[in-house]
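Trainee: Protein chains in written order, with my numbering: chain A, 2 to 353; chain B, 4 to 329; chain C, 288 to 880.
Keep in mind that a hint or two might mislead.
What the hints assert, rightly or not - With a cut-off of at most 30 Å between alpha-carbon atoms, the simulated BS3-like pairs for lysine-lysine come out as follows: (1) C:K349 - C:K408; (2) C:K505 - C:K478; (3) C:K629 - C:K646; (4) C:K505 - C:K425; (5) A:K37 - B:K141; (6) A:K314 - B:K141.
As the list claims (entries may be wrong) - Computed list of chain B residues with no C-beta within reach of chain C, every gap over 10 Å: (7) A15; (8) D36; (9) L51; (10) I133; (11) D187.
Stated by the list, open to error - From the derived model, a few chain B residues whose C-beta atoms are all more than 10 Å from chain A: (12) V25; (13) H56; (14) G59; (15) F65; (16) S217.
These are computed hints drawn from the structure, not numbers from a lab. Beta carbons are placed, not taken as given, at the ideal position from N, Cα and C, and that holds for glycine.
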Amino acid sequence: MTAVTLSDRNSGRRGDSFLSVQNLHVSFQTEDGVVKAVDGLSFEVEKGTTLGIVGESGSGKSVTNLAILGLHNPDHTEIDGEVWFEDQELIGASRTALENLRGNRIAMIFQDPLTSLSPYHTVGRQISEVYRKHKGASRQEARGRAIEMLERVGIPNAKTRVDDYPHHFSGGMRQRVMIAMALVCDPALLIADEPTTALDVTVQAQVLDLLKDLQQQTGTSIILITHDLGVIARTAHNVLVMYAGRAAERGTVRDILRSPRHPYTWGLLSSVPRLGSSVDVPLTAIRGTPPSLLDPPPGCPFHPRCDYVEQAKPELCLHERPDLSPETGHGDACYLTLKHKQEIFAQIKERP
Amino acid sequence: MLRFLTRRTLGAAVILLIIAAVTFFLFFAVPADPARLACGKVCPPETLAQARHNLGMDQPIFVQFVTWLGGIFVGRDYEGLGHCPAPCLGYSFVNHAPVFATIVDRMPVTISLTIGSAIIFLVFGVGTGIIAALNQGKPLDKIASVSSLIGASVQIYFVGTLAMYFLVYQWQVIERPQYVPFTDDPLQWAYGLLLPWIVLAIIFTANYTRMTRSTMVEQMSEDYVRTARAKGMSSRAVILRFALRGTITPIVTIFGIDVASLIGGAIITETTFSLQGIGRLSIQAVLNSDLPMLMATVLLAAAAIVVFNVIVDALYAVIDPRVRLS
Amino acid sequence: MSARTRSALAVLAIGSLALTAACSKGNAGGPATSSAPTASKTNLTELFAPAKITIGTADDSKGPSIPPEGVVKGGTVNMIDRDDYPHFDPARVYDNVTSNFHELITRQLTGYKRVAKGEYKVVGDLATDAGQVSDGGKTWTFTLKDGLKWQDGSPLTSGDVKWSIERLFAPYITEGPPYVQQWLTQEDYKKSYGGPYGGKQLDGVDTPDGKTVVFHFKSPHADANYALAMTGYGIVPKAKDTKEKYDKEPFSSGPYIIAKHTVDKSMDLERNPNWDPASDPLRGAYPDKWHLEFGFQALAVTDRFVADSGDDKKTFSFYSHVAAERTQAVVENAALQSRLLKQPSPYGDYYYFNLDRVKDIKIRQAINYAWPTRQIQQISGGPVSTVVNSTILNPSVSGWQDYDVFGLKQHPEGDIAKAKELLAQSSNPKPTIVYGFNDTPTEQRITVAIKNQLAKAGITVVAKPMNTKTWYDSTSKVDNGLDMYWGGWGADWPTAATVFPVIFGPVHDGGYNQSHLNDPAVKAEIARIQTLPNVDEANKAWGELDKKIMETITPLVPALNDVGLQLHGSLVGGAETDPISWVVSPNTIFVKQ
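Chain A extracted, bound-state conformation (with noise of 0.2 Å):
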């Protein structure tokens, strides 16, 4: 199963795939010059599966998901690339479109659920709101179907429940909420932002699950996007790793944790304790501090922090940028030979 493929830049986009980003940009106006969050990135993701985009914090992740939905502030920031979900091209779409899509055929849940719902509005409102606003439900339909998806995500006492306000629930509770409020249209692709960083661990898991069954019963495509492999290994069947606004590896769950071939991947896997079985490597942090997107270094975006920068070639690391390669399947952007990525990952493992 390829489920995330490598982009083919000619094609625009690519035919079977359920939402395919096409060597996106995102840049952000400010007081101290232009910001690239996101250059050049493309992935797809296919239907019915969860695709986990990881990386630092700043390396562009959420920023890639706004932008699919339009939800940036158009006054300061510049949008250039293709996005394709279900035949229609989303950069440059009209407002109503994007309007008709949101909450509808895509939907969003974010980090922190407690800030995310409104507290001025019950529960029941905001999720039932989405409902009339999509299918043209009634008032009474759609209370129905609010307290159906409380239900279905595990609120006991749903109909009463309804009436209560975002303050009235847990944490945990709260993620059910917004995830209720997400899939009451059932959508095609869920976005999932952080969606358990702000909760307790033991909760994590739960909405975890919740979201996994929830894949299983509706075939819901989702992209998780987290700093967290844990999460990801627990998830997502693919994965992309970003730093620097682009895209440093992408692979199956399995390819990226199992045989990871970036040196970002490396230390990313490093510095996350007990990854239990998937792999076994010393606990290091990445030396060094993620670059500034004001003024992105040349080359490779990750080399002043790559200790492989002389086993590489280092004119190439300073000086051009490096792609995902191979263009499909388990795909690196680093100028080391697959032979020395894979010496090399053997060495770190075996460290004691």
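Following the hints, put chains B and C in place on chain A, whose structure we already have.
Mentor: Then chains B and C, alone, in the frame of chain A:
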């Protein structure tokens, strides 16, 4: 809710009682003698003593206070003037009319002034604030910001006097402001108060524009507003149902204070436009050392603030379900 | 402010004395003109000419009044001012503004009849003449005119007059003037009689028949007919006297009836059908209706008269002066001059010495010589707003004689050399003066000018700012800790009989003898003049005493005299600032068509 209201009403009564007592006793600390004013220019001692007795000022201060207080609840009898029914706030030292009747008589002017200008500055202030917020950084926003800055920095006696001078006297585009009771002629009522409303609103609008704009900008970047947009809500629904909702709380707060202080008397406005409302009454009471009138106006202003505080608090609960009344 | 307001409001009738034209021109006009670069000489001379007041005859006392030039009857005139009137019971009226209003509804035994501009006669109002005096000035007899009626048509009798005097003794009346009551009984008159409501009558006022009233005073009072012209001695109908309530429901004997009154807002007057112009020598009562509105500050009033639009053309103001911030513009606007009234105040304004503390007359005179009159005038708005005065009596008071002992008019910039000379002869050539001043912006600037000026003569001024609101109460304390302070006084009628006996009278806390002058010779002279049976003789003696006090005691430095500026609408005729009451009298007002 009932418990909340009961508790707040009791609290308000205590506050008003304290204010009444402080005003009353402070009045006697100032060496201006109302009895001296009620006695002729050439005032023999016996006549002065008589004037003091007639005003009830020959009693110990504490007795006077209790008498005054009692009058509010059960009324009191005045020698020669007859019974002053409850709520009796006393007789004015200066115009010898029952204070309560005078206050009731002046209230409509001040309330009319308040209602009209409040509607104008609320609508315009919040409106321009929203427009500015939605056009952040664009010319419209800058125009709104600059005009609100100008509005905030001018003073009523300046704008008011200027408006009177040019609009009324020089160019005669509008008639001299005057108060016509609403019940007599609603159109004349509005026309007569239009200029004071607008001038008063100019001063206040600025505050609301700035407050609405900054809160709105803040609200627009709130997570739940983003959620609303992510749900596919139209931008109008996002602004009206979500962003504006969060902006209401701080607006209600200052609106409550502003309306309360206006009801307490817009002294400068009423003076500038020669309107006979509570503001004029209070400043005259101060200048004339008219204790009963002074007490009444001070208490009215205090009561307005206390009452509007309770109203604002109650409104919080309606606006924001996170605020529980207990 | 308290002292000024109090005196300004509390003054009822102020007059000025009969001076010959030559005297007023030669003495009064000249010096003021010399310090007035912006105004023409003729203007100021005319402005400063004191009004002429004489006692009128029985013929003068007959109605109707002398109409002003171009008079038109009928129409509605509007009046705007800041404040409504505090009292409608005449017995409770003392101030000039309320008294002026009462001309419309209240009549007295006597009154001031305008004969020509600046010329007045004391005549009988309800009485047939200005009173017949006998018994060396102790007995005054008044006869009521025929056919006098109240607003309901009932006859106005001598019984009403007696009743009106008796009720002044009742406990509830404290606000009015005390003079006639004191003359009839004693100084603390409330002790001697408690008013007529208990059924007791007052000794001293007889009514031999329905038209005759006889007053028996304890001592001679040559100016009783001036006193009885005060509104405080206005007549109240015995049959309609509702005691305290009468203050809200007055009964008219004058040309108008209050048709509608909304307290502090407006008042409408309509004609009193039972008032007969033939019986009234004072009141023209030309407009059919009066509409009075209150609540307008000086600025609003000024701007309305300047704009002169619509109904404001038929509008005037009893007492509102041109607002200070508009004075310059109004004075320089040629188009307004025909509607601008100018009149110096009838009050006395003084910088008192505290004679208990500044004991050396040489020092007091040195300060008079050095006084920076011109600088103070400039700070106070210049010659447009003030005139220099060098006497204790206001020029409007009958018997006023001009003098300039210390050269306030000749050397308005101050004579430092002369001051130094006097100080050198004094007990302390380098004295320190504690000067208390009312802490307002203008007074602060004046104080600096005084301080700098006196420093040149070697006098150290310690300036003590004092709270405006408690100013009067502080300075009128006997032990006030001050050497100098401003004070004011207005005569109750235009003779010195209500000036010197007050400002050089009893010394007590809250009293008006603020210099604490207590000189046996002065006291004796005051007592002597008070008993003179002839009013002209008395007035002459007051004028001489003025100069003598200034020369031999020097208890004060005379302050500047404010000039009142008033505007009115262009269709209002007969508007004049009355030199006695310093407000626009309603008696001559008419509406042009």
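Trainee: Could you work out which earlier hints the structure fails to respect and list their numbers in ascending sequence?
Mentor: 3, 6, 8, 9
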